[in-house]
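Protein chains in written order, with the UniProt record's numbering: chain X, 1 to 170; chain L, 1 to 288.
Among the clues, some could well be false.
[To be verified] Computed from the model, here is a short list of chain L residues facing chain X with C-beta under 7 Å:
#	residue
1	Phe9
2	Pro11
3	Thr13
4	Leu38
5	Pro39
6	Asp103
7	Gln105
8	Pro141
9	Ser142
10	Gly143
11	Gly191
To be clear, the hints were calculated from the coordinates, so they are not data collected in a lab. Positions of the beta carbon are idealized from the N, C-alpha and C atoms, including for glycine.
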Amino acid sequence: MRITVTVNGREYESEVEPRTLLVYYLREHLELKGAHVGCDTTNCGACTVLLNGKPVKSCTVLAVQANGQQVMTVEGLEQDGVLHPVQQSFWEEHGLQCGYCTPGMLMSAYSLLEKKQDLTEEEIRKGISGNICRCTGYVNIVKAIQSAGRQMAEKKQLEQNQSEVIGSGN
Amino acid sequence: MFPSTFDYFAPKTVEETIGLLQRFGYDGKILAGGQSLLPMMKLRVAMPAALIDINHVDDLHGWKEEDGYLRIGALTRHADLEKESALIERYPLLSKTAEWIADPQVRNRGTICGSLVHADPGSDWGAAMIAMRAEVEVVGPSGVKRVPIDEFFVDTFTTSLDMDEIASAVLLPAPVGKVGARYMKLERKAGDFAIIGVAANVIKAYDGTILDAGFGLCACGDIPLRAEQAEQYLIGRQLDDETIEQASRLAQQSARPATDLRGTAEYKLDLLRVFIKRALQEIAAELK
Ligand SMILES: Cc1cc2nc3c(=O)[nH]c(=O)nc-3n(C[C@H](O)[C@H](O)[C@@H](O)COP(=O)(O)OP(=O)(O)OC[C@H]3O[C@@H](n4cnc5c(N)ncnc54)[C@H](O)[C@@H]3O)c2cc1C
Ligand code: FES
Ligand code: FES
Chain X
1 MRITVTVNGR
11 EYESEVEPRT
21 LLVYYLREHL
31 ELKGAHVGCD
41 TTNCGACTVL
51 LNGKPVKSCT
61 VLAVQANGQQ
71 VMTVEGLEQD
81 GVLHPVQQSF
91 WEEHGLQCGY
101 CTPGMLMSAY
111 SLLEKKQDLT
121 EEEIRKGISG
131 NICRCTGYVN
141 IVKAIQSAGR
151 QMAEKKQLEQ
161 NQSEVIGSGN
Chain L
1 MFPSTFDYFA
11 PKTVEETIGL
21 LQRFGYDGKI
31 LAGGQSLLPM
41 MKLRVAMPAA
51 LIDINHVDDL
61 HGWKEEDGYL
71 RIGALTRHAD
81 LEKESALIER
91 YPLLSKTAEW
101 IADPQVRNRG
111 TICGSLVHAD
121 PGSDWGAAMI
131 AMRAEVEVVG
141 PSGVKRVPID
151 EFFVDTFTTS
161 LDMDEIASAV
171 LLPAPVGKVG
181 ARYMKLERKA
191 GDFAIIGVAA
201 NVIKAYDGTI
211 LDAGFGLCAC
221 GDIPLRAEQA
231 EQYLIGRQLD
241 DETIEQASRL
251 AQQSARPATD
261 LRGTAEYKLD
271 LLRVFIKRAL
281 QEIAAELK
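One chain only, chain X, in its complex shape (with noise of 0.2 Å):
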């Protein structure tokens, strides 16, 4: 069968077999290798992606499933070279040990901050219940990811600093 689908904002076309899991058709297909497969049981939450912006786990959605569709992976996140505030965290804080893990938490913690930067650690482990980590633990990983909300907090007033600047100098 033949679908599109927008992946990071870049529209890809190809021709897969309706039992194509959605995270074979990103790490074979299009050679998108950050979404791993850690479980056959939906369980592990390592093929995380955001699909229409929501996180799924991409082992249990089929490919055919996302035809016209938007997905984000952890190869989204980077912009013009520049980490973003949870991958940059993830790494300050040491939230991840072999990284197994680490693209499915990122596109969790994404989703989460996306919402709120003032996470408390309740919110946090509960916001990754989907994600298994078989190294760390997750004090780190919550440290992480509350860190990463400060600095996405931070960035948001300066740029509403500047804004009225702006608006002030009219």
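Given the coordinates of chain X, assemble chain L with the ligands onto it according to the supplied hints.
Okay, now just chain L with the ligands, sitting in the frame of chain X:
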């Protein structure tokens, strides 16, 4: 792992969907959120020859209130009801149950109707819909009908749906009076199926007596169950320490949990009593 091969169809109307179901019979399967069906297909427990993806049928999306009912369309996802403030006052059990289903990613895809049709005895929505006295709207070749939730569940993974029928919505009777609800669940790990789950939905008249009490039990038998004796006992009474204690004991009589890796039957029965008691205590305080 990959599912085995199948033909994929994306019908745009309910009629077209039913036509495809008639054409494929037991070889055709409806695909809603895919959060139960696709894992089973990946493990090759299920190998349907045709998948009928209903996500493009516009009529099945969204929920609305109409003549005495809340109509929740077949494609309403768990996450759609999780934080829906418009429904919290009259249908508090919806958000209280939704937040217990699986994890955020699964809730973004999985549908409430899909969960009911899958008919897992551990389905949290099964218990909640029993507590709210829901009906399932079913469409088949001969038209539309409403099936009370108690008749919808037939056996483990089996509903009363015929092979050429689709569950188009779930209908909740609009409550008259003040509503209080709780979903209580014990799980082994975050996002897991219940060791035991209890849905309680209480409607109170303005004189303080109970107009209706609904109790659904999850993981307590072959299908989601109703704690009928406890319900009957509470109707017309006040919620106080004594009636709460009595109701929580009566609820145990409807449950037939199995001893398994998640715990012994005795343990689960006791948990059930504690959950009903706590739920009713919290509801009583809230509705005071
Ligand atoms: C990791 C994980 C954790 C989970 N945890 C929980 C949990 O805690 N509690 C819980 O209750 N469930 C849980 N589930 C199960 C799952 O969330 C539900 O069963 C539900 O989301 C299925 O709905 P769906 O729309 O994805 O159905 P699908 O997977 O698309 O379909 C399920 C079945 O129903 C049929 N079907 C679907 N919709 C219709 C319709 N409208 N008419 C007729 N037939 C239909 C399909 O043909 C199929 O047989 C979990 C699942 C996963 C993967
Ligand atoms: S690979 Fe998708 S949830 Fe584990
Ligand atoms: S860092 Fe290794 S699984 Fe999370």
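Hints violated by the structure (numbers, ascending): Hint check: 1, 2, 3, 8, 9 and 10 fail, others pass.
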